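Here's the letter readout for the chains.
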Amino acid sequence: MIFGKLFLTYGLAILALVGIAEYRGWSLNTVNEVKGVPKTIRNNPGAYRSHFMFLPRYIGGK
Amino acid sequence: MATPPQVKALACPNCGAGVQVRTYARTLNVVCVNCLTVLDASTPELQILQKFEGATRIRPLVPLGKRGKLESEAWENIGFQVREIVVDGVPYQWHEYLLFNPYKGYRYLTEYDGHWNDVKTLKSIPSPCTVSGKPAVQVLGRTYRHFQSAEATTVYVMGEFPWQVRVGDQVRVADYVAPPFMVSSETTADEVTWSIGEYTDGRRIFQAFELKEAPPAPRGVYANQPSPYAGRTKRAWTTWLFLNILLFALMFFFSIFTGNQVVLDKSYYFTTASKGEASFVTDVFELKGRISNVELTTSTDLDNDWAYFGFALVNEATGQGYDFGREVSCYYGRDSDGSWSEGGRNDSVVIPSVPPGRYYLRVEPEMQSDASGGGSADHRMNYRLQLRRDVPYNAFFWFAALLLLVPPVFTSLRRAGFETRRWNESDYAGGSSGGSDSSSSDD
Amino acid sequence: MSHVKAFCPNCGAPVEFLWSSAVQTTCEFCKSILVRRDVSLERVGQVADLPPDVSPIQILTEGLYRGKSFQVVGRILYEYELGGWNEWHCVYNDGTSGWLSDAQAEYAVSFLVQPPAPLPPADRIARGGTFHWNGTLYQVTTITRARYVGVQGELPFEYWDKSAALFADLGTPDARFGAIDYTENPPLLFLGESVGFDSLKLKNLREFEGW
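Residue numbers (numbering that gives the first Met the number 0), protein chains in the order written: chain A, 0 to 61; chain B, 0 to 442; chain C, 0 to 210.
In isolation and in its complexed conformation, chain A is listed as follows:
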């Protein structure tokens, strides 16, 4: 009896979580959030410094 209720609660909680995740547009991908990207970058894209996590090789702007 208890097990049944526990399972149902567990299951509904998972479904609720999935519903929220889908609604809010979550995903598993990690993205680096950068604040204050200046508007001048639109004119000079090369001046932007990348901040993402995986830098296997030298990346350099100018």
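Simulated from the structure, these hints should not be mistaken for laboratory data. Small disclaimer: the values here were computed from a predicted structure and weren't measured. There could be a bad hint or two in this list.
Stated by the list, open to error - Some chain A residues judged to face chain B by a derived CB distance under 7 Å, without partners named:
1) LYS4
2) PHE6
3) THR8
4) ILE13
5) LEU14
6) VAL17
7) GLY18
8) ALA20
9) GLU21
10) TRP25
11) SER26
12) VAL30
13) PRO44
14) GLY45
15) ALA46
16) ARG48
What the hints assert, rightly or not - List time: in silico DSS-like cross-link candidates among lysine-lysine, alpha-carbon distance up to 30 Å:
17) LYS4/C to LYS68/B
18) LYS7/B to LYS119/B
19) LYS233/B to LYS4/A
20) LYS67/C to LYS4/C
21) LYS7/B to LYS202/C
22) LYS4/C to LYS7/B
23) LYS200/C to LYS119/B
24) LYS103/B to LYS67/C
25) LYS119/B to LYS211/B
26) LYS103/B to LYS119/B
27) LYS202/C to LYS103/B
28) LYS34/A to LYS287/B
29) LYS68/B to LYS7/B
30) LYS103/B to LYS4/C
31) LYS211/B to LYS265/B
32) LYS211/B to LYS133/B
33) LYS67/C to LYS200/C
34) LYS65/B to LYS103/B
35) LYS68/B to LYS119/B
36) LYS30/C to LYS4/C
37) LYS274/B to LYS38/A
38) LYS119/B to LYS202/C
39) LYS67/C to LYS119/B
40) LYS68/B to LYS200/C
Just so it is clear, CB atoms sit at the ideal spot from N, CA and C, and this is done for glycine as well.
Add chains B and C to chain A, keeping to what the hints say.
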């Protein structure tokens, strides 16, 4: 006719101790409580039938002479025996209590390792059949699977019996189970007797006989012990089905009601040969609606090559940037094992929780240059970038499906484990026990 | 209903037959076994003291079986190597005669029937043997080599000097009962069913103190 006195008091010819014989119990043999000699109760002289050769006394858990109430009827415990079988050289003993009611007759309680059974004679003769290729019997509408056959020897007797009993008596016993029931046959040269037992909680028996102490705790799983998981497994899978239907509905709902709006779809060309800045920004586009995700699909024409993209999704107004990198590589060829391929031409990524607003994408593509060594100097590719706003993200549904499987699978495994432990005690231990136990009770 | 009356040739006590077709009875007072020869009685033997009665059933017990009421008028007590049992002779309200087997408080009602097929001889009957009669499978469950301990009351046959009695008990998947009686040649067949004590609605039973 006058009713005979309830109990006759006689003297044991072996040790002189007082021997009581219940006249209403059709007693044929009585065991002296003091010296455990089996005596002939059909005459007042109590002829000696068998002397006690054992070493220790065994104490019955239900005292001899105690009356208890079973199914609203009074039953008196008049006899006690211990019987033994030997399996793989190991002796297993169980206790039997003979209960009597002058109008209802006789009944047994058996006890082994804390497992009790309420046993009555069965007058319907079971018919042999098979279940999954293994021997079984069928009687009164139920099928019982063969559990064990063995030679049972009486090793200890106490109390009164309406038939002849001796230490050393042997019968061939066969047990068939349909938990919580068990039918058993006892066979000698001239006779076969069938009985049907129902697994009973020791506490109910102790309550019925008003015994103060606690019954012995059951050890292991007994032949016809009902599985605590039987009803639970069915309910678990039913709940699982229900939850999966809901999950499916959720998946369906989100596949219908997500915007899937294309906000960017452009093709580009890149080559390492060109001088100058590789990075660029796209036109500004609008991400509408609530906070949601953005899917970026990069489609290339890479052929045994790789490319690296540095991406940044930037909010034109707030300057908030979402910075990430993607690698696309596509290699293939033939070797001694046949053709192989690695990677692919396309890549897709879903960026989470991007608030609505006006955005542009900064792109910095990169391919192998001379400095890395090997290959010709020029690497080039055509690629197409597509951005979709508000797409369904299926990974969560798969995770949920997996997580939902855990409890019912766990329950099924526990149930299978219980059944394995049950059948480990049978003649079929070590083989497949298979099948499902039949259970008529719900938790 | 008027019963046949006669006088015991041994002690002169009045003997009243409860069942008009009784062949044999016992005199309550001098325990003589009396065989009916028309209206006079011939004394053929003496019954030894029977062991104290422990069955709840006794002579004059009344009961109900499948809608017909019966009265217990006679009894045969058997004994074998492992124990003993009673066969109660019952007379039904339509005059028919039947038996109530009482073995360790397990009861079976049966009636003498014509065997559907010839029965195997005594040296060929064994536990496990089967018979297919009237669409039912009868299995031999017990072979019993018994002897008479005693008789009481009215019986349909002359039973008193049989020292060796071979019986084969039969069982079926639906708790029917059968018994082959090898005390006669050809053997006799009784068919019936196992019954629960309560289903017989027995009255005028022996009482047991404390129960």
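Status of each hint after checking the structure:
| no. | hint | verdict |
| --- | --- | --- |
| 1 | LYS4 | 9 Å, violated |
| 2 | PHE6 | 5 Å, holds |
| 3 | THR8 | 10 Å, violated |
| 4 | ILE13 | 5 Å, holds |
| 5 | LEU14 | 6 Å, holds |
| 6 | VAL17 | 5 Å, holds |
| 7 | GLY18 | 6 Å, holds |
| 8 | ALA20 | 5 Å, holds |
| 9 | GLU21 | 5 Å, holds |
| 10 | TRP25 | 5 Å, holds |
| 11 | SER26 | 4 Å, holds |
| 12 | VAL30 | 5 Å, holds |
| 13 | PRO44 | 4 Å, holds |
| 14 | GLY45 | 4 Å, holds |
| 15 | ALA46 | 9 Å, violated |
| 16 | ARG48 | 9 Å, violated |
| 17 | LYS4/C to LYS68/B | 48 Å, violated |
| 18 | LYS7/B to LYS119/B | 28 Å, holds |
| 19 | LYS233/B to LYS4/A | 14 Å, holds |
| 20 | LYS67/C to LYS4/C | 26 Å, holds |
| 21 | LYS7/B to LYS202/C | 27 Å, holds |
| 22 | LYS4/C to LYS7/B | 39 Å, violated |
| 23 | LYS200/C to LYS119/B | 21 Å, holds |
| 24 | LYS103/B to LYS67/C | 22 Å, holds |
| 25 | LYS119/B to LYS211/B | 26 Å, holds |
| 26 | LYS103/B to LYS119/B | 11 Å, holds |
| 27 | LYS202/C to LYS103/B | 15 Å, holds |
| 28 | LYS34/A to LYS287/B | 21 Å, holds |
| 29 | LYS68/B to LYS7/B | 25 Å, holds |
| 30 | LYS103/B to LYS4/C | 37 Å, violated |
| 31 | LYS211/B to LYS265/B | 86 Å, violated |
| 32 | LYS211/B to LYS133/B | 43 Å, violated |
| 33 | LYS67/C to LYS200/C | 11 Å, holds |
| 34 | LYS65/B to LYS103/B | 17 Å, holds |
| 35 | LYS68/B to LYS119/B | 15 Å, holds |
| 36 | LYS30/C to LYS4/C | 17 Å, holds |
| 37 | LYS274/B to LYS38/A | 25 Å, holds |
| 38 | LYS119/B to LYS202/C | 25 Å, holds |
| 39 | LYS67/C to LYS119/B | 28 Å, holds |
| 40 | LYS68/B to LYS200/C | 22 Å, holds |
Checked against the numbered hints given earlier, this structure breaks hints 1, 3, 15, 16, 17, 22, 30, 31 and 32; the rest are met.
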